[in-house]
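2 protein chains.
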Amino acid sequence: MTVLILTCAEDVTADMVVLALHDLGVPVVRLDPADLPGRISLSAEYVQGDFHGHLSTGDRVVSMNGLRSIWVRRPGQPAAHATQQSAWLTAESAQALYGTLYSTGTRWMNHPVAAEQARRKPWQLHVAHHSGFAVPPTLITTFPRIARDFAARHRDLVVKSISGAHPGDPPMALPTTRVEPDADFAQVTAGPTLLQQRVPKRADIRLTCVGDELFAARKLSDDKEVDGRFTDDGALWAPAGIPARIAQAVRAYMSLTQLAYGAFDFAEDRDGTWWFLECNQSGQFGFIELETGQPLAENVAAWLAGRPAPR
Amino acid sequence: MTVLILTCAEDVTADMVVLALHDLGVPVVRLDPADLPGRISLSAEYVQGDFHGHLSTGDRVVSMNGLRSIWVRRPGQPAAHATQQSAWLTAESAQALYGTLYSTGTRWMNHPVAAEQARRKPWQLHVAHHSGFAVPPTLITTFPRIARDFAARHRDLVVKSISGAHPGDPPMALPTTRVEPDADFAQVTAGPTLLQQRVPKRADIRLTCVGDELFAARKLSDDKEVDGRFTDDGALWAPAGIPARIAQAVRAYMSLTQLAYGAFDFAEDRDGTWWFLECNQSGQFGFIELETGQPLAENVAAWLAGRPAPR
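The listed protein sequences derive, respectively, from chains U and Z. Sequential numbering of the first sequence, starting at 1, is according to this note's numbering. Sequential numbering of the second sequence, starting at 1, is according to this note's numbering.
Keep in mind that the hints were calculated from the coordinates and are not lab data. Some hints could be false.
Because identical chains cannot be distinguished in the list, a pair is counted as satisfied if it fits within a single copy or across any two copies.
[Claimed, not checked] For lysine to any residue, the following SDA-like pairs were computed, each having C-alpha atoms within a straight-line distance of at most 20 Å:
no. : residue 1 : residue 2
1   : Lys219    : Gly293
2   : Lys219    : Asp11
3   : Lys219    : Gly66
4   : Lys219    : Asp269
5   : Lys160    : Ser86
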């Protein structure tokens, strides 16, 4: 039984997992949906209640009926490499590929339907509350008056993107930014704006959840720094223990969102409380593995292979 | 408690349901997401586990906490009417609107996550099989050899769009077309192609499912006609009885897909068997109501209002 990986050609994180799967002796097929049609061929038959499908790329053929699991890493847009590109061909190819793969009943990391819902940041805050995390007071608004009132109540604020990366090629990550004390918020009428009470932090926490396995890493932080992704002060990620309450909340969150993989970001305040900032269902883990030595790729591979976690 | 309807300005089907809701004395707010930001303002606060949101348009304000239900009819793309349009503003506005509405825990017809999955046609075939419908043998392929083999086995075929309407403004519906006996299928390498055994039919069936209520309509069909949407032979839709086996399969399908509304298309063959063709989770019902007199708008309104079905 084969593991199917959907990702683009240049993806070193996928390379790490492919190596780990080779070590486990598990067959892998790696495809970029951008190559359908073209380098990838697809066929699926629905006859009298039976479903038979297969995918092929070059000399490799994989039966959709014999899939062990599917890992959706960084797939390209279907038909993006086609000779005659069109929105129509992309729609048809996406339907053909994902519609047939949905019919397989295999295990997904993560199922695209769960992933799409889990990307909605405001819903993340809601699920985080229900899972038992501490969540900084947050406002999403187009009303200047309400923004001013929120600023008066919560004083020290940051503003951040609601949708994540700025669309573009390549997409651009937008830093979370501290709001100046004299901001007047008149501009929020131009687009919904997410304001959040700033957490005075002593460390950033990245918690990676792979199936049932949790790995936390801590990086000490200068409290002046707002978004650790955009500063390089020489601090390194180091493995961190996970409070029982946090582990419980992570499991509740994964269950409510039906995700198999999630990368959680927390801000640790001076009292040691971990404040939920976000959960990225496709968050990178290579840089954490590199600095902490935590066996993340190996755990992803074990989950995909359906083997016990290796640690 | 208010019903929220997300749809574009020109939507006579929505007009019918709004009237029916007025008759029930239920407050309604109707919004087009294209008007956010601009004519629509939005605010939502997540503080200490509580969620408080509201939407306003002109002089109307609706609390997200007091929503009776949400009907996703034909919503425009968020920010499509904004003064300064951009992919970025659309992404931020979509996140703000749908992400906060997902946090309400209200009833949806249909929830966008369920709708997105239910639009995948190959997955529809899979679910239809599992629900107990008769489904014509179907192939989706980029392999000419497999297409030829399927044609040899099933002889009389139609070819249809996998993704539905051709993208464009306005989108263009593509007719299902009979495959000529001498077709050579070499072109299927250019894009995944859906081939289906043609059902020799005596009638088209449209079954509309609104919550727990089922309404079927039959239109007699000349067997030469392949796609009833594109011919006008004067035949009218008339109410039809629903076989018990079909009613059971519809309920199974709605449960597996988590839809509250679905418009099923069947081909009725000479033996009276209803062959599943597709289920459109946002299918029109105005033309059926007009010709059959079935109270579809009234039933949609009752479902949205949380009242017993009126028939």
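Comparing the hints with the structure gives:
In this homomeric assembly, Lys219 and Gly293 come within 20 Å of each other (Cα to Cα) only inside a single copy, at 14 Å, whereas the closest approach across copies is 67 Å. In this homomeric assembly, Lys219 and Asp11 never come within 20 Å of each other (Cα to Cα): the closest approach is 25 Å inside a single copy and 54 Å across copies. In this homomeric assembly, Lys219 and Gly66 never come within 20 Å of each other (Cα to Cα): the closest approach is 42 Å inside a single copy and 42 Å across copies. Taking identical chains as interchangeable, the C-alpha atoms of Lys219 and Asp269 lie at most 20 Å apart only when both belong to the same chain, with a minimum of 12 Å there against 67 Å between chains.
For the homomeric pair Lys160 and Ser86, the shortest alpha-carbon distance between copies (18 Å) is at most 20 Å, but the shortest distance inside one copy (34 Å) is not.
The structure fails hints 2, 3 (numbered hints given earlier, in ascending order).
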